[in-house]
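Here the protein sequences line up with chains X and L, keeping their order.
Reminder that position 177 of the first sequence reads as 177 in the UniProt record's numbering, one-by-one numbering, no gaps.
Reminder that position 204 of the second sequence reads as 204 in the UniProt record's numbering, one-by-one numbering, no gaps.
For the record, the hints were derived by calculation from the structure and aren't laboratory data.
Values in this document were obtained by computation on a predicted structure and should not be read as measured data.
Just so you know, not all the hints are guaranteed correct.
Since copy identity is lost for identical chains, a pair holds within one copy or between any two.
Stated by the list, open to error - Below, computed lysine to any residue pairings styled on SDA-like, alpha-carbon distance capped at 20 Å:
1) K158 <-> H198
2) K158 <-> R214
3) K53 <-> A216
4) K105 <-> L231
5) K75 <-> I46
6) K158 <-> F180
7) K53 <-> E4
8) K75 <-> S154
Number of protein chains: 2
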Amino acid sequence: MGSEMIYQAGGATCHGHLAMPDETQWGPGPYAGVLVAPAFWGLSPIETGYADKLAEMGYVALGVDIYGDGKLSDKREDANAWMDEFNQNRALLAARMQGALTALKGLPMVDEGRIGAVGYCFGGKGVLDLARTGAEFQAGVTMHGVLQPPESGSTRIKPALLICDGWDDPLDPPEVKVAFAEEMNAHCADWQMLVFGHTVHAFTNTNADGYSPRAAQRSWDAMCSFFAEHL
Amino acid sequence: MGSEMIYQAGGATCHGHLAMPDETQWGPGPYAGVLVAPAFWGLSPIETGYADKLAEMGYVALGVDIYGDGKLSDKREDANAWMDEFNQNRALLAARMQGALTALKGLPMVDEGRIGAVGYCFGGKGVLDLARTGAEFQAGVTMHGVLQPPESGSTRIKPALLICDGWDDPLDPPEVKVAFAEEMNAHCADWQMLVFGHTVHAFTNTNADGYSPRAAQRSWDAMCSFFAEHL
Numbered sequence: 001m002g003s004e005m006i007y008q009a010g011g012a013t014c015h016g017h018l019a020m021p022d023e024t025q026w027g028p029g030p031y032a033g034v035l036v037a038p039a040f041w042g043l044s045p046i047e048t049g050y051a052d053k054l055a056e057m058g059y060v061a062l063g064v065d066i067y068g069d070g071k072l073s074d075k076r077e078d079a080n081a082w083m084d085e086f087n088q089n090r091a092l093l094a095a096r097m098q099g100a101l102t103a104l105k106g107l108p109m110v111d112e113g114r115i116g117a118v119g120y121c122f123g124g125k126g127v128l129d130l131a132r133t134g135a136e137f138q139a140g141v142t143m144h145g146v147l148q149p150p151e152s153g154s155t156r157i158k159p160a161l162l163i164c165d166g167w168d169d170p171l172d173p174p175e176v177k178v179a180f181a182e183e184m185n186a187h188c189a190d191w192q193m194l195v196f197g198h199t200v201h202a203f204t205n206t207n208a209d210g211y212s213p214r215a216a217q218r219s220w221d222a223m224c225s226f227f228a229e230h231l
Numbered sequence: 001m002g003s004e005m006i007y008q009a010g011g012a013t014c015h016g017h018l019a020m021p022d023e024t025q026w027g028p029g030p031y032a033g034v035l036v037a038p039a040f041w042g043l044s045p046i047e048t049g050y051a052d053k054l055a056e057m058g059y060v061a062l063g064v065d066i067y068g069d070g071k072l073s074d075k076r077e078d079a080n081a082w083m084d085e086f087n088q089n090r091a092l093l094a095a096r097m098q099g100a101l102t103a104l105k106g107l108p109m110v111d112e113g114r115i116g117a118v119g120y121c122f123g124g125k126g127v128l129d130l131a132r133t134g135a136e137f138q139a140g141v142t143m144h145g146v147l148q149p150p151e152s153g154s155t156r157i158k159p160a161l162l163i164c165d166g167w168d169d170p171l172d173p174p175e176v177k178v179a180f181a182e183e184m185n186a187h188c189a190d191w192q193m194l195v196f197g198h199t200v201h202a203f204t205n206t207n208a209d210g211y212s213p214r215a216a217q218r219s220w221d222a223m224c225s226f227f228a229e230h231l
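Please build the complete structure, drawing on both the sequences and the hints.
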């Protein structure tokens, strides 16, 4: 149900995935918009599928081509190399996300005052880094998104944030969660964290060792409630 | 809509508040049951009101007379003295809760295989201590419930647990939350924690300094979803 959307972001030509609500069901709009930022493999059918599901709920959803040029790999070493470039240049990650945000807001059927973003794993870091730069949107969600701040820190964070995380995620051990909470208390007026016990990284991903159907469903439901509250 | 229910628990005669679903709306039952354990003031109109709301949702709800004899005070020193007795005798707290659980399960219109419990503040400690003794129920929720374990520790915890807590609750500082998570990982197969930023103790209580309409609503909604999943 989605289609390719070409946009420019952070120096790259990006091939996003745009999914639109059915106008016969949802009316003519304008609609709230949601960015869907992918895990470190690149924009895959998992995240374009989420965008399609969000469109079925009445949102204009844009799957973010985080690496540009539609780069996607199923080889961990490729994806790690791509991600490492961003981990060493967090401003580039924020810029790539900001470009997608600008593109989404620029769509005529999108209400630019009702914008959400959800990110998975590395894409969660992208949502947080976008928020940390002071970007204008209303609601951000991370799913096993990586919480460590960039060296540049945060400005005042504008969106409300919902963090969905596994207690046993080795990328976000307890001390990282506590430090993140303190960072948010300092910079974000409205944040929540939903932590799942006995849950590791990538709990939403059916292909991952850490997949947890229970945590996947609960975090999806929590996201839906959160977007309904804020968008 | 509720009525007084006299039951025996932990050596005391207790004056609970029993709220029943409307049979014309919910059918003849049997219904799932929910214990509502009060804050340290004793069973007050706040908690009997929650029990009434749960009955409107189709649950048989029993407001727990935690101190026995219907003891309730609006004087902090009275309530603190009552609570202190239990804090120094956690087995008594568990026994008082177990008595309420037994009474609820014994009602003919209650399905004893579908039992939940929610506790506020000290009542949250009661729900946790009940769970820590290995009591048989399906779903436990704490609202700004106090997380420190008793010296006797936990056996295997049977219910799924949802902890709703303020990040800034001085009764549950970060190190207590982390220790609790580790306790749960060791003893409870299904636990979650929903933490609210910029939120202190007693966020559900409209009379409390810490009242947060936002956290109160979000935690209520999370509890409703949780009970719907498990009961």
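Here is what the structure says about each hint:
In the homo-oligomer, the alpha carbons of K158 and H198 lie at most 20 Å apart only across protomers (15 Å), although the nearest pairing inside one protomer, at 32 Å, exceeds that limit. Proximity of K158 to R214 under the C-alpha cut-off of 20 Å is restricted to the inter-copy arrangement: shortest distance 17 Å between copies versus 30 Å within a copy. Only within a single protomer do K53 and A216 lie at most 20 Å apart by alpha-carbon distance; the minimum there is 14 Å, versus 29 Å between protomers. Taking the shortest Cα distances, K105 and L231 sit within 20 Å of each other inside one copy (14 Å), while across copies they are farther apart (42 Å).
For the homomeric pair K75 and I46, the shortest alpha-carbon distance inside one copy (16 Å) is at most 20 Å, but the shortest distance between copies (56 Å) is not. In the homo-oligomer, the alpha carbons of K158 and F180 lie at most 20 Å apart inside one protomer (16 Å), although the nearest pairing across protomers, at 31 Å, exceeds that limit. When the C-alpha separation of K53 and E4 is checked against a cutoff of 20 Å, the pair qualifies only within one copy, where the shortest distance is 16 Å, while the shortest distance between copies is 48 Å. Proximity of K75 and S154 under a CA criterion of 20 Å is satisfied in neither setting, with 33 Å inside one chain copy and 44 Å between copies.
Comparing the model with each numbered hint stated earlier shows that hint 8 is the single one that does not hold.
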